[in-house]
Amino acid sequence: MRIALIPGVPALLPEHASLEDPVAELRAAVLAAVSWLGDDVEILATEQGRRVALSVLAARSGSCGPERSVLVVANGSACRTEKAPGFLDERAEAFDAALAHALTTPDAAALRAVDPTLAADLWADTAALPRLADLLGDDARTVAIDHDDAPYGVQYWVIRWEL
Amino acid sequence: MTLRLRKHAFDDDATLMMAIVNRTPDSFFDKGATWAEDAAFERVRLVVEQGAEIVDIGGIKAAPGVEIGPAEEKARVVDFVARVRAEFPALVISVDTWRAEVGAAVCEAGADVLNDAWGGADPELVDVAAQYDAAIVCTHTGGVTPRTRPYRIEYDDVMRAVLDDTLAYAERALAAGVARESIVIDPAHDFGKNTFHSLEVTRRLGEMVATGWPVLVSLSNKDFVGETLDRPVGERLLGTLAATAICASAGARIYRVHQVEETRQVVDMAWTIAGRRRPARAIRGLQ
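So the protein sequences, as listed, match chains Z and H.
When the letters of the first sequence are read in order and numbered with this note's numbering, they come out as residues 25 to 187.
When the letters of the second sequence are read in order and numbered with this note's numbering, they come out as residues 4 to 290.
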């Protein structure tokens, strides 16, 4: 099974295209990761995240074939700087660091342990993480960390796992 | 409609800045600032840096004054066109002239557009445009003689007159062999019009756009702006830009201007509000 994580960034949607793409690096990473998935992709996401997932799947350059695949939409805090959508929250950096460790290891128990109240305080999109933890279990290995950045004060990851 | 200005083709949704470059000692706005050839050339360099896609080179001011014959007009513009052509191969060169004789000479020197501000006063100008595969700007002047001011001109319906005359001119150009994609129409604000006429033409510009012909507007610092706001030449930029925004909203494609950068921003803003252009870089609220 192949699993990919992308952030549900509305700027990725075609209706929000600019003359200069403000998320060009993220978009390239997202398209590379979703093109690595199989033909039929199960989506784990909020309603808004699902729209982003469907859009990038429609825009991908190919797929790996019939292998079972899951696309998870989630991201870290939106409170990393004073210019961030949720303003600066001193807890954001540690929250994102812990989440980064849990995702990249991967550590299913740590993903299940993410505090939903703190996540909400920090405007993080973590709704799909419990189900991601179930999928990853103890046997998944990280294939690639395509993107790890917080360019607008919002923590994004694009990660691929396989099991 | 797709627009082709001789060798230069533009997308259907492109707007173009046509920067005015006067090789005259007496034009109303710059008052001879670019009369000297080197000064005019510096002006071309500047407007190219500012992003102008077109320069409109003129050798005779529009208002009445000392008569300038074809020989003198050619002396002012032909070699200059050749020099600009050599230095800026990607730049569209327009020449503001009503004379076929001058049109032929500047096309030979590399001009791409004949901007006939006087509404076809010389019937052979379209033949010259066709001969050189150049573009032509078809203006409405109400039939006045070149370099005369409007005096007590009345129209039953000024936009009807503008449409009738510019479309007839466009058809005449087409019949003469000018390429369909190289014909532009222009209501010619202030030409054969009082301020009320120019305001109405601005208000109803969408009727010209609806014809499908690309529309050029020449609003820059003109008297209808000055009279509307009671501002002398030199204090008409804001009024010009307001009129520009209205014309951009209606869908005008080419803007003949003194101030390139300011007009470009206004046109881009209005064009984007109208949904014809993407924002430069939008991320607010979409991270």
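Treat the hints loosely; a few may be bogus.
[To be verified] In silico SDA-like pairs for lysine to any residue, Cα to Cα no more than 20 Å straight-line: (1) 64/H <-> 31/H; (2) 107/Z <-> 249/H; (3) 77/H <-> 40/H; (4) 107/Z <-> 286/H.
[Claimed, not checked] Reference excerpt, derived from the structure (chain Z facing chain H, CB under 10 Å, subset only): (5) 65; (6) 102; (7) 118.
None of these hints come from the bench; they were simulated from the model.
Heads up, the beta-carbon is just placed ideally off N, CA and C, and yes, glycines get one too.
Violations among the numbered hints, reported as their numbers in ascending order: 2, 5, 7
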